[in-house]
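So the sequences go chain by chain: A and B.
Residue numbering for the first sequence follows the working numbering, beginning at 1 and increasing consecutively.
Residue numbering for the second sequence follows the working numbering, beginning at 1001 and increasing consecutively.
Calculated directly from the structure, the hints in this document are not laboratory data.
Treat the numbers as computed from the prediction; the structure is a model and nothing was measured.
A hint or two may mislead.
List of simulated lysine-lysine pairs, DSS-like, C-alpha gap at most 30 Å [claimed, not checked]:
id, chain 1, residue 1, chain 2, residue 2
1, A, K180, A, K129
2, B, K1310, B, K1028
3, B, K1057, A, K108
4, A, K57, B, K1312
5, B, K1043, A, K108
6, A, K43, A, K28
7, A, K52, B, K1108
8, A, K179, A, K310
9, B, K1308, B, K1030
10, B, K1052, A, K108
11, B, K1180, B, K1293
12, B, K1310, B, K1043
13, B, K1030, B, K1057
14, B, K1308, B, K1028
15, B, K1293, B, K1206
16, A, K30, A, K180
17, B, K1312, A, K43
18, A, K28, A, K180
If you want a taste of the chain A side facing chain B, the calculated C-beta under 10 Å gives, among others [stated by the list, open to error]:
id, residue
19, W118
20, N227
21, D323
22, T327
Heads up, incomplete: computed chain B residues facing chain A, CB under 8 Å, no partners named [unchecked claim]:
id, residue
23, I1032
24, M1054
25, M1278
Using N, Cα and C, we set each Cβ at its ideal position, and we do this for glycine too.
2 protein chains.
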Amino acid sequence: MHFNGYLFLMDERNLKSMAVQSLLKRVKSKVISREEISELGIKTDTDPEAAKIMGLKNIDGGFVGENCGIMEPDLLASYYVRELENMGGVEFRYNTNVTRLNLSPRTKLNFPGEPFIWQDKIIESIETKSSELFADHFLLATDVWTSDLTSPLGIDPFTQPKKVQVFQVQSNGIVEMMKKKVTGEEDIFPFTILPGPSIDLRPDPKSRTFWVSYSEGIGRGFSLEENPMAEADYYSNNLYPVLREYIPAFEDARIMSSWAGYYSMNNMDGTYVLERNMNLSVVTGSSGSGIMKADAAGRLASSLYSGKEKAKLYGGAEIRVADLGITTRRVDQETLII
Amino acid sequence: MHFNGYLFLMDERNLKSMAVQSLLKRVKSKVISREEISELGIKTDTDPEAAKIMGLKNIDGGFVGENCGIMEPDLLASYYVRELENMGGVEFRYNTNVTRLNLSPRTKLNFPGEPFIWQDKIIESIETKSSELFADHFLLATDVWTSDLTSPLGIDPFTQPKKVQVFQVQSNGIVEMMKKKVTGEEDIFPFTILPGPSIDLRPDPKSRTFWVSYSEGIGRGFSLEENPMAEADYYSNNLYPVLREYIPAFEDARIMSSWAGYYSMNNMDGTYVLERNMNLSVVTGSSGSGIMKADAAGRLASSLYSGKEKAKLYGGAEIRVADLGITTRRVDQETLII
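Assemble the whole structure, with the sequences as input and the hints as a guide.
Encoded structure:
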């Protein structure tokens, strides 16, 4: 983990908001000035004409979350795989798509058409293309692929797949920007969120590029392709016009690579949904917070499966499993999905 | 409207529940005895073997909602059509499927690919197979067909289509049953809900048949066909085995006709969802309560469109529009979906 900080660029109104004022007191954070922002290579005053057309805001300061930063997701995932393999009793099957959950009566009569409405039901097995796997309990942590498995049973996934694209962008100016910092011991540019259309820029220290992304609201439909691709037009028409207004180093930048994936959006409140039906536990709706909430989600999943009322999180805080359920839900709206 | 009553057949535990005891005090209702239920032609003691296999319950009494009954939905719909035509300014277009909502920038630049992420957006028009219709505001009351229209825009319908089948069933015994009653001035059998698998029986006085239906939970997938059909196997394997245990008149009954349709299920709490985005209002999720809540839903839709905070219902009670919204939702769980 690099604690290079999260830098939210803001107009005066947002800087003075209750949310920011309260965060300044509660978490390790600070506000940086227009001058400090200019030194990072970011324009604080946007062209009035462009601002009007594109909904840009002037930057009056930056809120820096210092206890924030960037990590290497693959290193973290590898760590957990190794730990589980060392524990024993866990078998990983890579490239094994589950195609179906088999619903059965708890007590079989062996009549065609089972299970009937008047029979107690369980998930007896799951199918892959080449095998059928049996278990006493099944836990799905399948996010955007949940719907295809649970909808045929009449279990609502409460999530919608939303495509998100990432463009890896570089220029000489960006290489220079990478060395600047606002917090932390290392010279790494902060993870930065623009104030107008809230495009986010994740520095990648190794390649000295920005990973540019944007979490779309209305205008990006819900859909799921097997091999989603980033769209070059999406960068040039949607992201680039905004980026070059705020950051001159993007003017002559080029795309080094790009990729796309899906957020499993819970559009109610933007966080995880936990459900248990019969011998099936479902954890879904990470809503873009895969890595950041994965440890907490795993602990909750474990409690859901074991039938425990609460889960103890890494920091020691306890959270009620039912609070993440549907009919008993009690969570705050997630306002920052990047 | 025929006030023939809703008859919920119950075991002792449910009869003595808080819910029933509280309803008895609040609404015009009564409890009828095992003897009165037997006289209706319903067996109160089920065969122990069958009960075990099929999850049947003995009937210890019946809760009768007297201020309930059955109506002719087509007469009610015709009334509203006439009233609206008399008001003027309303034009009905039957057999006109809306295929698409057209999202546009509020201020057009006429660049290909509009609207971009940095543009303010509105719904400019809707498309049918043969025409494009323009308006300042659009209101969708399209239930299970909402998803196809709003999902391409990234607006969550918060509903899933669930197929519901109705079988019109008759026998000599059923013709006799039709004349019996538990409440009301007319001799019409009550709308009856069984205590085991809660199959419901709606008497149709004109044809002297029962309309038999069941609201399925797990086991009936979410899906939407253009012309859903009732499945004969569904009656014979799922409904009939339960019906004949409770009501001997079903033993030799035959299906006169059958049909199928969809409930637009809001699986969070089983009632309407109201959303407004840009110049688009969406009212969906009737969850099986089309006619019964339609008047209230219409009043709420009107307030949603007009931007009013509250809607006044038929009885004079007021309800906050935001209480039916997603992020500000505050409704009780609907427990009785039949």
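ask   = Any hints this thing doesn't respect? Which numbers, in order?
value = 1, 4, 8, 9, 12, 14, 17, 20, 21 and 23
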